[in-house]
Amino acid sequence: MAPPQKHLLAIEGMYPPQIAAYLDLAESFVLLNRTGKTPRDRLRGRTLINMFFEDSTRTRVSFELAGKRLGADVINMSVATSSVNKGETLLDTAATLNAMNCDLLVIRHASSGAPALLAQKVEAAVINAGDGTHEHPTQALLDALTIRRRLGGLQGLTVAICGDVLHSRVARSNIFLLSAMGSRVRVVGPPTLIPPAAERLGVEVFHDMAAGLDGVDVVMMLRLQQERMTRGLVPSAREYFRFYGLDEAKLAHAAPHALVMHPGPMNRGVEIASTVADDPLRSVIREQVEMGVAVRMAVLDLLSTSGANQ
Amino acid sequence: MTATLIQNVRLLDPATGLDQPGELLVREGRIADLGTGLGRPDGADTIDGGGAILCPGLVDMRVEVGEPGGEFRETVASAAVAAAAGGITTVAALPDSKPAIDDPALVRLLRARGEETGSLTVLPYGALTKGCRGEDLAEIGLLREAGAVAFTDGARAIGSARLMRLALTYARRFEAKIVQHPEEPTLAEGGAATEGELATRLGLPGIPPEAEAILVARDIALARMTGGAVHFAHVSTASALALIRHAKEEGLFVTCDTAPPYFDLNETAIGDWRTFAKLSPPLRADADRQAVAAALLDGTIDAVASDHQPRDADDKRLPFAQAATGGAGLATLLGVTLAQVHGGALPVIRAIELLTAAPARVLGIGAGTLAKGAAADLCLFDPERVWQVVSGNLPGRAQNTPFDGRALEGKVMGTWKAGRRVFG
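Here the protein sequences line up with chains U and B, keeping their order. Whatever position you read off the first sequence (first residue = 1), add 117 for our numbering. Whatever position you read off the second sequence (first residue = 1), add 1 for our numbering.
Heads up, a few of these hints could be off.
Said to hold, decoys possible - Quick list of simulated restraints, FRET-style, between CB atoms: (1) U:313 <-> B:99: 35 to 43 Å; (2) U:229 <-> B:228: 23 to 31 Å; (3) B:134 <-> U:238: 44 to 52 Å; (4) U:272 <-> B:99: 53 to 61 Å; (5) B:225 <-> U:369: 35 to 43 Å; (6) U:369 <-> B:375: 31 to 39 Å; (7) B:225 <-> U:238: 38 to 46 Å; (8) B:132 <-> U:172: 39 to 47 Å; (9) B:274 <-> U:313: 37 to 45 Å; (10) B:202 <-> U:229: 58 to 66 Å; (11) B:134 <-> U:396: 37 to 45 Å.
I should point out that these hints are in silico values taken from the structure, not numbers from a laboratory. All values reported here derive from a predicted model rather than from experimental measurement. Yeah, the Cβ is synthetic: ideal placement off N, Cα and C, and Gly gets one too.
With these hints in hand, go ahead and build the complete structure from the sequences.
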């Protein structure tokens, strides 16, 4: 039996049973969410603070909804209104939060490692909602849940993660989670957007979509930020779409049952064609959002009841 | 098309090592057969080669064709006339035109302009950066699909190490070679001649020869780091060649070419303020010239390119420091390279390899060989026949030759493009 976790900071280093525990509990929340009968007394009296140092809508709303469906008191702090902009350091913020007796702290930050730093100083359970280009653990969990429900499991699957792997925390978390659960992971993208030493993470590297997607069970697309073009890593959106945008022709190389995923928000016509993104038979992009709430409920639930947080 | 039998020639094909007397049969624009005792098919024309050397049409990997935007200096049509007279049937065209070749449509345009001449294949380089401005990568993938043969900013060096790293990394996906003008731009800025005694006497702003080795050393390190392929154009110094030699021994994807002025002339050619000898990079001290000549033989230099840069009178009839750089080179490419053969420094088969199979290999194209079934792009030349280079009488439009007045041994007697005689 793996030890209970106090925080959820990264997928790297987690044991498969710990991952499975989140997924199994989330699975039950999916049904409760659909019937509207979530246990609203589960986190009664607990305080959840959403601290987003980077703009986000869907992840923040997803955590907020997850907390409320379990009965927690949810407070959103956005950077624009916080004292961070008045020069307070991250550790001063931690001291303030301790004084407020916060139980669950969800943090997104532009710097890799910021949640880990905060976790050393706050009494609350810290949940990483995305830190720099490091990890985004709940995204990987919701992706895994989506795949598991559709394809019956993760063991033995081949998953291609495509696009801007270099700057993607989603990619890193997915690489660690899927590898731990027995999937084979490929990363596909232009050489300028694949991190150096990517092979050392245990993935296969491809620079050609046709080869990278050949026979895969899951195609995970990543968002290409406009900034990558202004910094010259990719010459233009049209060239990117020609060689790396997921359209029907490229998807035809994947297995016939292959799922198409995207963490959102999508750049249609840059990394993904609308015909693929909106294909009801292949695309599970909307389902990923639904699984996101269930997974975050499971994370909040398990961390609040974890022996490590009693 | 009827068949043509070219008889009584010395067949020379460095790609296969062939060097023997014989004959060559052309049919339907292709090489149907070659060797001895081929017999004359019914209805075939015969041409007596008079014992001259028949080799593949030359492949010139560095040419400014004047289009688009410089048509008053040269056009693809006028360059094709000069090329045919020089035995050249394929050129790689530089992209730093106006506008720069940074759009797939422009690549297709230049290729089509070559086809219209019927005598010259034009393989455009793609701009490495948008507008050849040295800032953002051009659409290397789309340009490659349109037929760009490699990528460069032409006479402009990629000065930023970050940009060069990105280029070498990104281009790997498209198996695209990056061609660098190896001259550290901050050291070269404003210079008109190689730094040294002569520049000092003439009072010309100098470019230190180390500007070349510095950029070559940097780019070799970047090639090692990225696994990318870099080609250094018109290498002109001993120290840069030493670095390239070492990089090749290490197995890196590093190649280079030079141009005839750098193994035939030294900096004294600019004496009397001869602006036709103002080149980029500038002509060097004689020790460097000798090192370049030696590197032709030992294989450090992969290819010889004309580095044809057409300039008109208004570009050159200026005080030396203000005059434009660049020399016309199509018509003299073969003759000046053969001067190394006549001087005893280079076997003729190696000289022709540097002008045919070797540049084709660097560019990854099929030209430059006498293989059976290959397009009949041919050059027939008499290695002994003497002619004089006279500015004003050169074929084509550009007359700015740094070899003005020079007597050359080795004259093109005939050039064929896809079996059709286009010169001689």
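Against the structure, the hints:
no., hint, in the structure
1, U:313 <-> B:99: 35 to 43 Å, "holds (38 Å)"
2, U:229 <-> B:228: 23 to 31 Å, "holds (27 Å)"
3, B:134 <-> U:238: 44 to 52 Å, "holds (48 Å)"
4, U:272 <-> B:99: 53 to 61 Å, "holds (60 Å)"
5, B:225 <-> U:369: 35 to 43 Å, "holds (38 Å)"
6, U:369 <-> B:375: 31 to 39 Å, "holds (36 Å)"
7, B:225 <-> U:238: 38 to 46 Å, "holds (44 Å)"
8, B:132 <-> U:172: 39 to 47 Å, "violated (34 Å)"
9, B:274 <-> U:313: 37 to 45 Å, "violated (51 Å)"
10, B:202 <-> U:229: 58 to 66 Å, "holds (59 Å)"
11, B:134 <-> U:396: 37 to 45 Å, "holds (41 Å)"
Hint compliance for this structure: hints 8 and 9 are broken, all remaining hints hold.
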